[in-house]
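J.: So the protein sequences, as listed, match chains F and X.
Okay, so the first sequence: first residue is 1 according to the working numbering, each after it adds one.
Okay, so the second sequence: first residue is 1 according to the working numbering, each after it adds one.
Hints in this document: simulated from the structure, not taken from any laboratory.
Any given hint could be a false lead.
Unchecked claim - Quick partial rundown of chain X residues pointing at chain F, CB under 7 Å, derived from the structure: (1) Pro313; (2) Asp314; (3) Pro316.
Claimed, not checked - Okay, the calculated bits of chain X under chain F, using three or more residues with CB under 8 Å as the criterion: (4) 30-42; (5) 49-61; (6) 114-123.
All C-beta atoms in this analysis are idealised placements derived from N, C-alpha and C, irrespective of residue type, glycine included.
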Amino acid sequence: MSSAMPNHKTTQNNAAQNAAARPKGFSIDLKTWGPFVALVALALLGVLINPAFLGLDNLSNMLTRSAFIGIIAIGATFVITAGGLDLSVGAMAAFIAGVMIILMNSLVEQFGAGITTILLGVGASLLLGLCAGFINGIVTTKGKIEAFIVTLGTMGIYRSLVTYLADGGTLTLDWAVRDIYRPVYYGSFLGITIPVWVFFFVAVIGYILLNYTRFGRYCFAIGSNEKVAEYSAIHVDRVKTLTYMLQGVCVALATIIYVPRLGSASGATGVLWELEAIAAVIIGGTMLKGGHGRIWGTVVGAIMLTMIGNILNLTDAISNYLNGTVQGIIIIVAVYLQRASWRKTGT
Amino acid sequence: MPSIKTAVAALATTTALGLSGAVVAQEYTIGVSIPAATHGWTGGVNYHAEEAKKRLEALYPDIEITISTAGTAGEQANDLEDLVSLRNIDALVVLPFESGPLTDPVRRVKDSGVFVTVVDRGLTEEGIEDLYVAGNNHELGRVSGEYIRERLDGAGDIVVLRGIPTVIDDERVQGFQEAIEGSEVNVLDMQHANWNRDDGFEVMQDFLARFDKIDAVWAQDDDIALGVIEAVRQADREDELFIVGGAGMKDIIKRVMDGDELVPVDVLYPPGMIATAMDLTVQHFVSNGPVTGEYILGSPLITQENAEQYYFPDSPF
């Protein structure tokens with residue numbers, strides 16, 4: 001445990017310093033660059049399998065798709081860095097999407113199918129995300145219940161709530177509202193789609209928050225050793241609750257750009273997103289036991305996960321039944337590469 | 001957990017006792033065990049089961065129907081035990097979550113002397129059920145294939161979005177392939193979209209990126225079809241192709257009714273089959289004719305002309 005503290009300090013240094021400190025002249029710091037190397041390798045594989053991979057449309061589709069998991073995973077980076085875990089994010093996204101749709105549909109009568117209706121829906125989404133995160137946080141910290149159990153519980157609650165709201169079927173957004181809301185997913189600015197912009201800005205803010213603020217340093221400290229953090233006069237419960245609230249807001253943001261894509265929500269929305277988000281975080285170099293987080297790694301991890309699915313869709317060389325196997329192997333190898341370099345350098 | 005269960009069980013028993021004391025004793029109790037409404041089609045099953053219960057109980061005062069829903073195969077096995085021990089059912093209508101794990105629990109119900117109707121997914125062992133009511137997955141594939149073949153005049157490039165890798169999916173694809181065999185209809189690729197909108201959207205996006213010319217899409221399922229429609233719209237390629245879904249979701253049937261060029265037809269795999277099964281099971285007690293055997297529903301092609309009779313605007317599916 002205590003070895004994680006100095007470990008986190010090296011993380012703060014940049015790669016160049018790391019390399020300079022080492023006697024070897026030529027070596028790549030796989031800890032930092034591992035995810036990027038894996039991403040490039042995967043992209044090369046994609047091009048080899050099908051040249052259509054590099055098509056502008058395909059790249060744009062892929063990045064846009066990865067935005068949902070990516071934004072959620074950035075929130076998850078904070079939670080995991082602070083030693084927590086949130087399994088409820090997929091169900092939470094489905095629930096928020098459901099409430100948003102019901103709300104906007106009912107607001108049409110009063111405000112018409114316009115910007116006001118959509119802004120109210122968006123506002124409700126953010127509020128719900130904040131509240132849901134607060135509940136996860138407060139029950140975990142004040143209730144002293146394992147995050148795994150708390151969020152497993154809320155996962156079941158949100159999942160069944162959305163099924164209940166949808167009457168077991170699907171909630172569909174009013175067509176008129178949908179037409180106005182649609183550009184939030186399909187529209188683009190400077191040739192880059194809106195979801196990718198949102199993803200990018202969330203990542204930049206997340207990066208600053210995690211690496212250059214007191215809150216970020218507290219997250220590292222708590223994840224490394226909660227007891228020590230408490231003795232260092234850090235308000236552990238408050239910081240941890242804040243990470244869950246941040247996660248909730250990220251889920252809300254992802255939902256806001258998800259809803260206009262298909263204009264619907266059902267019990268099948270967001271299934272397994274929690275695992276994808278956690279996988280993205282871990283592939284990116286964050287440690288599951290906490291104390292060590294990387295935002296850009298998470299971004300790369302989320303893109304990689306989407307890319308694997310995309311590449312598999314671009315080829316019929318591998319039996320469809322084996323898609324899960326390929327995905328699993330790539331994830332494990334990507335993480336192993338980073339861990340292997342860890343052992344060698346022996347921090 | 002056990003304490004809650006016992007509480008619920010106690011409550012159920014006392015309610016049942018209280019009712020039987022106050023009202024005239026029910027002559028037949030029919031238990032209906034179905035998967036919980038966690039996805040579109042099962043949502044439709046739940047709706048039609050509730051509607052059938054209302055209708056049948058009003059029609060036959062001496063029939064009582066109990067519906068229980070389960071989220072997993074294990075839960076459903078528990079439900080079956082409870083139906084026998086707590087409700088003392090005379091007949092069971094069961095839509096098994098999965099065939100394999102539920103074969104034995106259903107056999108045990110049968111062994112206790114209950115009339116058993118199995119719906120949609122068969123058991124892995126023959127001869128357990130008295131009555132089998134099901135849709136026809138093979139025919140759903142065949143009808144879809146024949147329509148696409150005819151509409152394309154026997155030649156063209158198509159893509160296929162499959163469901164979750166299961167026997168149902170295999171049967172549908174097999175029927176489809178038989179229907180297009182010998183024609184110039186060329187399947188560019190098949191990928192699993194897991195009967196899910198989001199997956200349908202993503203898989204179709206990738207198909208569109210990969211193939212410059214697609215004449216038709218067999219989405220096999222209406223949830224997938226809705227995702228496909230969005231992907232096609234985004235790529236601005238509505239004019240070059242048409243989409244064939246399946247099941248009979250109200251949104252898709254509405255499009256067919258309205259003459260949507262992109263979705264000209266649908267192929268039925270009705271969630272209402274649960275109502276058919278309940279009807280037939282009741283007939284076992286009230287009619288003077290035999291009702292055992294197999295009852296396989298057709299998978300008719302839904303076109304603009306006949307769409308109205310398959311349209312249930314109040315159903316969640």
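J.: Next, verify each hint and record whether it holds.
T.: Taking the hints in turn, this is what the structure says about them:
Evaluation of the proline 313 of chain X hint against chain F yields a violated restraint, the C-beta minimum of about 12 Å exceeding 7 Å. Interface restraint check: aspartate 314 of chain X against chain F, minimum CB-CB distance 10 Å, threshold 7 Å, status violated. Interface hint status for proline 316 of chain X: upheld, as the beta-carbon distance to the closest one in chain F is roughly 3 Å, under 7 Å. Restraint check on the stretch 30-42 of chain X versus chain F: 6 residues with Cβ-Cβ distances below 8 Å, three needed, restraint holds.
For a cut-off of 8 Å, the count of residues in the stretch 49-61 of chain X with a CB near a CB of chain F stands at 0, and the three-residue condition is violated. Residues of the stretch 114-123 of chain X lying with their CB closer than 8 Å to a CB of chain F number 0, which falls below the three-residue condition for coverage.
The structure does not agree with the numbered hints 1, 2, 5, 6 stated previously, though it agrees with the rest.
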